[in-house]
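Undergrad: From first to last, the protein sequence lines stand for chains A and B. For the first sequence, the working numbering assigns the number 18 to the initial residue and increments by one for each residue that follows. For the second sequence, the working numbering assigns the number 4 to the initial residue and increments by one for each residue that follows.
Derived from the structure by calculation, the hints contain no laboratory data. Beta carbons: idealized from backbone N, C-alpha and C, even for Gly. Just to be clear, a hint being listed does not mean it is correct.
If you anchor each label on the Cβ, the simulated ranges turn out as follows [unchecked claim]: (1) B:Val-225 to A:Arg-310: 56 to 66 angstroms; (2) B:Ile-152 to A:Gly-19: 55 to 65 angstroms; (3) B:Thr-139 to A:Leu-50: 38 to 48 angstroms.
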Amino acid sequence: MGRLSVDLCGIGLDNPVIPASGTFGYGWEFAELYDINILGTFSFKGTTREPRFGNPTPRIADCPAGMLNAVGLQNPGVDRVINIELPKLAKVFHKPVMANVSGFSVAEYAETCAKLDACPQVGWLEVNISCPNVHGGGISFGTDPASAASVVREVKAVTTKPVIIKLTPNVTDIAAIAKACEQAGADGISLINTLLGMRIDLRTQKPVLANTTGGLSGPAVFPVALRMVWQVAHAVKIPVVGMGGVGSAEDVLEMMMAGAAAVEVGAANLIDPWACQKIIRDLPDAMDRYGIRELKDLRGE
Amino acid sequence: MKEEWFTVAAQRQLTDNVYEIKLTGDTSAVTRPGQFVNLRLDKLFLRRPLSVCDLEGDVLTLIYKVVGRGTEALSRMTPGQTIPVLTGLGNGYDTARSGTEPLLIGGGVGVPPLYLLAKSLRAEGKNVTAVLGFNTVREVFYEKEFRAIGCKVAVTTADGSYGIKGFVTDALPERYTHVYTCGPEPMLRAVYREIHTGGSFSFEKRMGCGFGACMGCSCKTVTGYKRICKEGPVLQKEEIRWED
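Next comes chain A alone, as it looks inside the complex (with noise of 0.2 angstroms):
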């Protein structure tokens, strides 16, 4: 066990750097750069059970210190996941990954986590709840507590492993709905997704996203994604992962200041692809500049 290493839901990780659902694709693109056994894991692309284009585009749009997104979930589908990204991750990545499942009714989140369950190669459960619940009217699970609750009860009966539950930070109060995840039976938190932001193109006088608005990420939105976390971190017990606007070693620790267990980093590998492998490269100087002997320490009160 190294000064870097953490657990998180009782899985060792070598260090707390995870690469962040929907900037990663399935591995393979940042494969071809470097080895990227050097991470902690990474949380793959937001799958669902059917395949989907997504949105229409455009679906970025940059913005000061960040980014808008409107991709919409585009992937392959669960099946084609296990089928074909998993073999071919299983080439070059050889630790336990985190399955990030999104869905749009309880039954199909706990379908697609059940299948995803059965994949040796799958150490973590991440279920994204920040999508229109099409069952209830267009809210999204993750802004009501009984509703996020229900989508944990379904996928806990159905999976063995570790269930992260992956807030959306557009609620009024993110503890209870944290809470609620917590007493539904989840092994984990992580926060925040992205806050919901839009646009305007000055020469068109129209929306830049195709979707009118979008998802911001990027150092923007750290200050919000570190508060939340510490709000989170304080109403519950389950290890909570840390994360929004990450993009140096510096940024990891203060998550982890924050109370995370494990940070993942978002949009910095979109402009940066080496961007997790230089903060893993970084963390020990970071650490040694600010009298921290192991990461581990941190956790706690």
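With chain A's structure known, arrange chain B on it following the hints.
TA: Here is chain B on its own, set in the frame of chain A:
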């Protein structure tokens, strides 16, 4: 793909809002005409993708139109300043498809990637015809450059202020063996309808990462979903599926 620091060697204005910038650095990852690079500019979060116009040794030539904050910032850069650049992105044009008489069709700032392609095809001894389309005479650039490397060149302007009056499709020669094209989507659609051979079409889309990770620039094709930045930007005529 590689990330290298490039140094601005020269910059000149070609038209009212089109600039040519020359950068020096490690160009070894650029393997084909039609590929693009992604520039990380000061104070901007996302990189800005630009197609490669020319490559000579360690000198990379890019041509761009000022359309927003990124290209504005780039237009203010002066010799000696440095920029981190991801190079060798995208599939690029395949010269093996050209046949003996390739036809290159470019519109506006779709012209630049065709220049390196034209050079490569000329080096292979092909008879290259280039049809370059612009709105008006003040926007015309690189006609001389294409002629200087031995291309037969036709220029069209929509308002008839220079060359042939009309669109690129009004200036197509009778005989050609393959079409390589880049330009605004309405032009690509018109070219798609008019040509009688195979064609390699280069597309532009707003990108996030530029290397296949974010799915920001996806499109539907006859052979499934593709990423313009990774499986593109060049798609073959027979795989294109136009969206309405």
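Undergrad: Which numbered conditions among the earlier hints are violated in the structure presented, ordered from lowest to highest?
TA: none
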